[in-house]
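Peer 1: Sequence:
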Amino acid sequence: MERFCCTTQVVAGDGALAALRDMGIGRLLVVTDPYFMKNGTAERIAGLSGAPQVAYFDEVTPDPSVELVARGTSQVKTFEPDTILALGGGSAMDCAKAMGYFSGVPVVAVPTTSGSGSEVTDFAILTHDRVKHPLVDEKLRPKAAILDPALLESLPESLIADAGFDVLSHALEAYVAKNAGAITDALARDAFCTAFGALPASFGGNRSVRGRIHTAATMAGIAFNQAGLGLCHAMSHSLGGLFHVPHGRLNAILLPEVITCNGYTVAEKYARLARSAGLGGAADTLALRNLKNALIRLRRELKLPATLAQAGIDPAQVRRNRAQIVEAALKDPCCTTNPITVEPFMVHRILEEVTGRV
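Per our numbering, the sequence shown starts with residue 1, numbered consecutively.
By construction, these hints were calculated from the structure, which means they are not laboratory data. A portion of the hints provided could be inaccurate.
[Claimed, not checked] Keeping only pairs whose Cα atoms sit at most 25 angstroms apart, straight-line, the calculated BS3-like set for lysine-lysine is:
#1 178 x 292
#2 269 x 178
#3 178 x 139
#4 178 x 77
#5 139 x 38
[As the list claims (entries may be wrong)] Distance windows between CB atoms, simulated:
#6 34 x 106: 21 to 27 angstroms
#7 286 x 9: 38 to 44 angstroms
#8 13 x 296: 32 to 38 angstroms
#9 314 x 67: 24 to 30 angstroms
Idealized CB from N, CA, C, for every residue including glycine.
With these hints in hand, go ahead and build the complete structure from the sequences.
Peer 2: Here you go:
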């Protein structure tokens with residue numbers, strides 16, 4: 001039996017930001033980072049809402065900490081907004097959603113990157129003592145998500161690549177997750193195929209495809225919110241908390257090895273996804289190999305690292321912290337929906353494969 005629910009109102013396409021004015025916002029708190037505050041984007045979008053009272057919390061940093069959320073929540077309680085607007089990438093989404101969760105104020109999400117899917121999920125990832133902790137609750141789901149491609153015109157190459165692999169990993173892991181069903185499969189498959197096909201063009205400077213990738217990121221978010229994720233995300237959270245490498249970049253390093261690990265059990269489903277993406281393979285084992293190799297080629301085309309060492313992480317530090325990395329990955333809730341039961345030896349083996357050498 002499959003249960004499916006998406007309560008977030010999604011407004012997508014050219015001019016989608018105009019929907020803010022129809023939301024009847026009276027007191028608006030914009031949660032963003034210093035970049036969008038300094039370049040005027042935060043004030044411009046707040047103005048589109050028509051809210052007569054506006055305040056800003058512009059302290060968001062990558063991998064938002066519990067302490068940062070506490071400061072933001074204190075401002076919520078002081079200002080007493082009726083709406084929190086999250087403006088930015090996954091970090092801004094997670095910070096704003098956690099602030100809304102602890103204060104009971106609804107969140108409207110305006111993503112400026114195409115990757116996290118946080119604008120439609122029940123997840124917020126917070127960091128404490130160099131460990132990423134997924135907060136999971138239906139109350140974290142934003143009441144609305146606004147997907148306007150006008151916000152994507154100035155994306156740097158590195159952000160397109162990192163966020164793009166986040167979309168691919170969300171879609172692929174949701175497709176084979178334990179709680180997957182017909183509805184999540186359709187969303188995940190379409191999201192994967194769209195992002196896989198359009199990322200090279202977006203990376204090369206073609207802005208016309210970015211709206212499609214933006215929608216695909218949200219579709220992948222809806223899919224994994226229902227179906228779950230897997231070992232790639234569990235290890236990415238563990239490594240990201242320690243070494244502060246962008247989440248999508250870690251996914252790009254880990255995903256091919258996780259496919260190999262899970263492929264012994266779910267080769268048939270990986271093969272279906274590979275064929276849907278036009279990668280061929282008459283036999284399931286060949287299609288699975290084509291899928292893995294295609295992701296490796298795309299990773300290279302997007303100038304992403306193949307190992308943790310290439311991502312700037314000292315292999316000696318990885319080996320020194322191996323026990324902590326493995327323990328945090330095994331405790332991560334994403335492991336519970338991996339298509340096969342995650343054993344410690346699997347995490348150790350993948351870690352050895354991706355560490356690399358300086």
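Peer 1: Could you run down the list of hints and mark each one as holding or not?
Peer 2: Hints versus structure:
Restraint check for residue 178 and residue 292: the C-alpha separation of about 20 angstroms stays at or below 25 angstroms, so the hint holds. This hinted pair checks out: residue 269 and residue 178 have alpha carbons roughly 12 angstroms apart, not beyond 25 angstroms. At roughly 23 angstroms between alpha-carbon atoms, residue 178 and residue 139 fall within 25 angstroms of each other, so this suggested pair holds. For the proposed pair residue 178 and residue 77, the alpha carbon gap of about 39 angstroms is over 25 angstroms, so the pair is violated.
Between residue 139 and residue 38, the direct Cα distance comes to roughly 31 angstroms. Violation of the 25 angstroms bound is thereby established for this hinted pair. Taking 21 to 27 angstroms as the suggested C-beta distance range, the pair residue 34 and residue 106 conforms, at roughly 25 angstroms. Separated by about 43 angstroms at the C-beta atoms, residue 286 and residue 9 satisfy the suggested range of 38 to 44 angstroms. Checked against the hint of 32 to 38 angstroms, the C-beta distance between residue 13 and residue 296 comes to roughly 33 angstroms, which is consistent with it.
Checked against the hint of 24 to 30 angstroms, the pair residue 314 and residue 67 passes, with Cβ atoms roughly 27 angstroms apart.
Checked against the numbered hints listed earlier, the structure breaks hints 4 and 5; every other hint is satisfied.
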